[in-house]
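Asks: From just these sequences and the hints, can you work out the full model?
Protein chains: 2
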Amino acid sequence: MSLDALFRPHSVAIIGASDRKLTIGNRIFQNLLDFGFKGKVFPVNPKGGMIGETKVFESITAVPEHVDLVHIVIKNTFVPAAVDECGKKGVKALIINTAGFKEVGGDGIELEKKIVEAARRYGMRIFGPNCQGIMNSDPSVSVYANFTFTRMSPGSISIIAQSGGVAEVVNQRLAELGHGFRMYASPGNACDISIPELLEYLGNDPGTKVIILHIESLAEPRRLMEIASRIVPHKPILGMKTGRTSEGARAVSSHTGGLVKQDTTTEVVFKKCGIVSFSDEDLLCQTAIALSMQPAPAGSRVGIITNTGGPGIISTDECIEAGLSLPDLAPQTKEFLKKSLPPEATIANPVDVLATAGPKEYGAAVGALLQDPGIDSVLINFITPFFVDCAGVAREFEKLSKSAQKPLVGIVMTDKKNWAETLQIVKGAGIPAYEFPEMGARVLAAMTRYGLMKKRGTGAPPTEPSRDREGAAHASHDGHIHKDEATAVIKAAQAARREFLSAKEAAALLSAYHIPAARVATADSPEQCADAARMVGYPVVLKVDSEKVVHKTEMGGVVVGLKDEAALLAAAKELHAKFSAVPHGFIVQEQLTTGHEMLIGAQSVANLGHLIAFGLGGIFVEVMRDVAFGITPLSKVEVEEMMNSIKGRKILEGARGQKGVDRARLADIVLRLAQLVTDFPAITEVDFNPVFAAPEGKPTKVADARIRLSQQA
Amino acid sequence: MSLDALFRPHSVAIIGASDRKLTIGNRIFQNLLDFGFKGKVFPVNPKGGMIGETKVFESITAVPEHVDLVHIVIKNTFVPAAVDECGKKGVKALIINTAGFKEVGGDGIELEKKIVEAARRYGMRIFGPNCQGIMNSDPSVSVYANFTFTRMSPGSISIIAQSGGVAEVVNQRLAELGHGFRMYASPGNACDISIPELLEYLGNDPGTKVIILHIESLAEPRRLMEIASRIVPHKPILGMKTGRTSEGARAVSSHTGGLVKQDTTTEVVFKKCGIVSFSDEDLLCQTAIALSMQPAPAGSRVGIITNTGGPGIISTDECIEAGLSLPDLAPQTKEFLKKSLPPEATIANPVDVLATAGPKEYGAAVGALLQDPGIDSVLINFITPFFVDCAGVAREFEKLSKSAQKPLVGIVMTDKKNWAETLQIVKGAGIPAYEFPEMGARVLAAMTRYGLMKKRGTGAPPTEPSRDREGAAHASHDGHIHKDEATAVIKAAQAARREFLSAKEAAALLSAYHIPAARVATADSPEQCADAARMVGYPVVLKVDSEKVVHKTEMGGVVVGLKDEAALLAAAKELHAKFSAVPHGFIVQEQLTTGHEMLIGAQSVANLGHLIAFGLGGIFVEVMRDVAFGITPLSKVEVEEMMNSIKGRKILEGARGQKGVDRARLADIVLRLAQLVTDFPAITEVDFNPVFAAPEGKPTKVADARIRLSQQA
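Protein sequence lines correspond, in order, to chains A and B.
Under the numbering used here, think of the first position of the first sequence as 68, with each following residue one higher.
Under the numbering used here, think of the first position of the second sequence as 68, with each following residue one higher.
Careful, some of the hints might be misleading.
Repeated chains share a single entry, so a pair holds when one copy, or any two copies, can fit it.
Calculated pairs, BS3-like style, for lysine-lysine (alpha carbon to alpha carbon, straight line, at most 30 Å) [claimed, not checked]: (1) K640 with K726; (2) K571 with K114; (3) K88 with K122; (4) K406 with K469; (5) K483 with K276; (6) K522 with K765; (7) K714 with K726; (8) K630 with K765; (9) K105 with K483; (10) K88 with K406; (11) K483 with K494; (12) K645 with K726; (13) K107 with K142; (14) K494 with K484; (15) K88 with K466; (16) K466 with K427; (17) K122 with K105; (18) K630 with K726.
These are computed hints drawn from the structure, not numbers from a lab.
Quick caveat, the model's predicted, so the values are computed rather than measured.
Replies: Structural data, given as structure tokens:
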């Protein structure tokens, strides 16, 4: 069902409308009138009477016409009865501003359940409760169904924000920068109409060119991801997650009553579906404005022009630090600039056109960079010298901007009063203009992040004909996948109510998915260990095997580097004595020695799937936290992106004269793990730690696998 | 000599004054008049005549009165003659706006030398050339000796900027935020009056409360550091270095003609002398304003108050990410807040006073945090609800601010038109107010960085009685320093014109400074290696020793892990054969096996001293670039700060169940190295790589020392 009843209502009623100034019930009524709502407004209050010149109805059922949308602004315990009445009246959508629901816990949770059930019964939709409301500035609707105070003027940027405060701050900033907005929604508890649903509606709204999305806690990450993935190729979504630090997350939790796991999930979700992520509201607003006026850059190669040294250098620093590149100019560009600029000008990237540059020089430089095939975007620094025809320079920008196929971003450093005309021409031409080189460069970098997201093809995940031993088809990767064998292992462990798979079970699971692992065998007695070792081959690692001993290393249950039978037997006898108090056996495992220690893991996240982790092992994980994450299902491109995004990636390529690792093999292990956990949602955690990653031609193997199950199928 | 003639002139002449609009010679004349210069202005131009109502003199000598300060705005080749005339006239200071000197290379360099020599002869000072000029807004002077266009209004922030463009951008921002400035200086080539000298002048200016310093390339880092160190305890210096990336540094180089080594020197210089470093002009301006109005926080513990969830969370995230902490509130604070706020309020840090909070609630919360002994600064989020007496809230802030001993920073989120009174009260009270929680938190964090710098005592470097073997005094550290022995080693190597010390020499140098190193002995033949090994003890490392083989490892000239004489002899014979083409001997060295690999190094920097590097060795240095730097002389506190600032510091403390290292021993090695290179400036580079850092009680030793000399004493 479309959300038109919410965003394009023909009539709005306010249950709890009031003639007392400074009340929410009065403010909403007033806002609807003040901002020129094109439909009808019906105040409702059991006291009746008038608000100004408008008659107040004693109940919603007393309203003589059909009502699309109803605001409910009464005490929380009275809300269910009002919802019921609205249902009977045939109302299509409700905005429940009232607080005191899920966010307060206890009775509030029950109250919220009750109103959701009632609304479902009547086929009504609820926005809120505990929310501000919505706005739609479309002149044919002009609905300000919200109790806040910021002016509404039409624009092409729409805002969805979980926090009303953030929505307000963003809205104020857009207004101050002379830009309006299109639609605005701050859904509070979002008990029915959800953020993904709002996103979908705005994605389909032709008047919305850019969507700003603020998130405090992700309720339906998978759905958000699916919807956002469809929008991003034709419309940017600029996202911000707050509560990134554990202190911030605690504040979110006390604020929304939601459970927040302070982790990287949101960032990974944003990345997977192409939402451009921000941690700064101002940069977010400025980027939204820029993308509402200019095309997204097709690549990260920026050309910079400046008439002032210092700010030109700052733009350069900022572009580079934000991941853009400043390529050399093409020979024909240089040739042309040499002819067009004075000899003291710097014909390089950045181009220094000198403080004396007027319309002719700026026109030549901007035009040349727009034509240079090696440049994806042009960043213009322009400080306004008193001896230059600055308005003429601005008109040159305007002219070139009209036919430009690449984005132009301006940094206009000036006294806004004395150079008002110049600024006006630049802005009128749809060229975003910033007063600081830092902001100009950061906005361009953010626009580029969208440009790259937009055209980034991650490809589909290997679509997986996983077959049982009887099936003849090959799996998506080389090496068959035998799902039936894996199913048997997991069912058996679940039947035995075991949380962690045994070493033998883990080995069987890895084998079924052709994930290469250290050879392993089990033994019941020290004597059997020798047989086991003959199977796996020396040197070996010996581990005690007992359900009672989960942290084997810490308990002294692991002996490494056993080179021969004598050493093995001695070690096995010692462990046998040490753990005599608990039932135990032994694990004898091939000792891996060559290769870099890596970590590959998986963790299930509610309503999402599994997070897949990839990083350098040992100290790099524990001290440097150098881990990249992805979300199942994973494509090969995504796995490559993960591998490229760790700080220690040079080690994979071979640093300090050492050989690089077999990246293809590592990527294959990551993909097979992603497939495994996708096939078996009951696997809640996997830790391959360490994986020994060897150079090409040598075996890369999982040395230790810890696999955790839930009891649900 | 004071710079009063420059900043507080009684009379200013302009050589090259012009009546043609849009020329620099006209603009400077006009600016002096427009901005109300309190002294006399004398235009000078060989053409004579009038500019407006002012008589133009045909030469500076024709001016009938004494002239303090002269602008020179004529063609570069005419400048020397003008300088000479000014000298004869008895002028005290010159501002040479004209370009075409050192920055263009070649003849320009000669021209610049010439004018400096001439000025010295006459006892005149030069500001510039290739510069904008200066301003002093002190109402008793009001001198706008500059050709730029931004308004001048009195304030307490002074600006020194190498880049005129950056100076302008900063100045415009201060003006736009409703703040003036005190003094302004953009010295261009700074051929005579230098940035450190300007800094010193502003440090002594009672009207300057905060100094903004922009640097592109550091000409006199040691002097800057000495002067800044004296200013920082009583006045903040906020610094910004541009050209941080290699692309940016290239742009600096093409811009100023200076040689820029793209490195971390400036950051380390800033840190050593307490200059608070910025990479963002806006944050720099906002922090300058805040510090001109509020005291610096005494510590990093912030208390946050909010009436809106989302922005409160953002403030929290930003404070934590900027290194501040949000401690628990004191019991008495909580007790008081429980009594003063509604039950739904959050009594924690951040304090959520709820959207309904009025003057009483805000007053209680701000007052309580100001009194809490565990809180160093208070950050107030205030979104202005229409149903609250917002002006009353602001007046409460005003009242509390008057007696506050701690800084108050405000984030006032509002519609500036409708809540103008509220904003006015807050700003009038000297409380800086930001529209974004991000900026408010970042400013407070930057203020805190200054607060910590201000009171940070690094202590003196160990003051060094280094003595020769005959002297009885102990060195500053345990273990005597024998400077005479070191002198002999270095003189011998210099006499032999050797760039790198031999292994034996390096060992002797370390021994003289009691820097523990792996035992080492040299041998001339494979057979002698066995004797050498008996001295150092097995296992040993064998290295070829030849001036022709600088990169021993890469050339295959190193064999490690030799456990006995047989292995050693075999290896020595093999190396002997391999390097038969060059004269060579052998180095036999104790093989170190326990401990973490560290890197400790030194590098001389012109006009500064030595940079000392400390980091985790191997992959951490080469891949993660995890190195901390300091500048000689180093104090113990500074070495501790270096050790604490590396990302992998947890490894020093003992990560992954391993023991930590002997930090005191490592610190001692760093201090001894700092002493060594300070005693011998001829040492240009030292690389202790690796140092094996062992736990306390075990020996920590330098495994390999590479020491490079210059030929100068």
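Asks: If a hint holds in the structure, say so; if it does not, say that too.
Replies: Tested hints:
Within a single copy, K640 and K726 get their C-alpha atoms only as close as 39 Å, which misses the 30 Å cut-off; across copies the closest is 29 Å, which meets it. Taking the shortest Cα distances, K571 and K114 never come within 30 Å of each other, neither inside one copy (75 Å) nor across copies (101 Å). Taking the closest pair of Cα atoms, K88 and K122 come within 30 Å of each other only inside a single copy of the chain (17 Å); across copies the shortest separation is 67 Å, beyond that limit. In the homo-oligomer, the alpha carbons of K406 and K469 lie at most 30 Å apart inside one protomer (24 Å), although the nearest pairing across protomers, at 63 Å, exceeds that limit.
For the identical chains of this complex, K483 and K276 are neighbours both inside a copy (28 Å) and across copies (27 Å), given an alpha-carbon limit of 30 Å. For the homomeric pair K522 and K765, neither the shortest alpha-carbon distance inside one copy (37 Å) nor that between copies (58 Å) is at most 30 Å. Within a single copy, K714 and K726 get their C-alpha atoms as close as 18 Å, and across copies as close as 26 Å, so both meet the 30 Å cut-off. With identical chains, the CA atoms of K630 and K765 are at most 30 Å apart both within one copy (21 Å) and between copies (29 Å).
For the homomeric pair K105 and K483, the shortest alpha-carbon distance between copies (28 Å) is at most 30 Å, but the shortest distance inside one copy (37 Å) is not. In this assembly of identical chains, K88 and K406 lie within 30 Å of each other by CA distance solely across copies; the values are 29 Å between and 69 Å within a copy. Taking identical chains as interchangeable, the C-alpha atoms of K483 and K494 lie at most 30 Å apart whether they share a chain (13 Å) or sit on different chains (22 Å). When the C-alpha separation of K645 and K726 is checked against a cutoff of 30 Å, the pair qualifies only between copies, where the shortest distance is 25 Å, while the shortest distance within a copy is 41 Å.
Taking the closest pair of Cα atoms, K107 and K142 come within 30 Å of each other only inside a single copy of the chain (25 Å); across copies the shortest separation is 74 Å, beyond that limit. Taking the shortest alpha-carbon separations for K494 and K484, both the intra-copy value of 15 Å and the inter-copy value of 23 Å come in at or below 30 Å. Taking the closest pair of Cα atoms, K88 and K466 come within 30 Å of each other only across two copies (28 Å); inside a single copy the shortest separation is 51 Å, beyond that limit. Taking the closest pair of Cα atoms, K466 and K427 come within 30 Å of each other only inside a single copy of the chain (12 Å); across copies the shortest separation is 57 Å, beyond that limit.
When the C-alpha separation of K122 and K105 is checked against a cutoff of 30 Å, the pair qualifies only within one copy, where the shortest distance is 18 Å, while the shortest distance between copies is 69 Å. In the homo-oligomer, the alpha carbons of K630 and K726 lie at most 30 Å apart both inside one protomer (26 Å) and across protomers (27 Å), since each shortest distance falls under that limit.
Of the numbered hints listed earlier, those contradicted by the structure are 2, 6.
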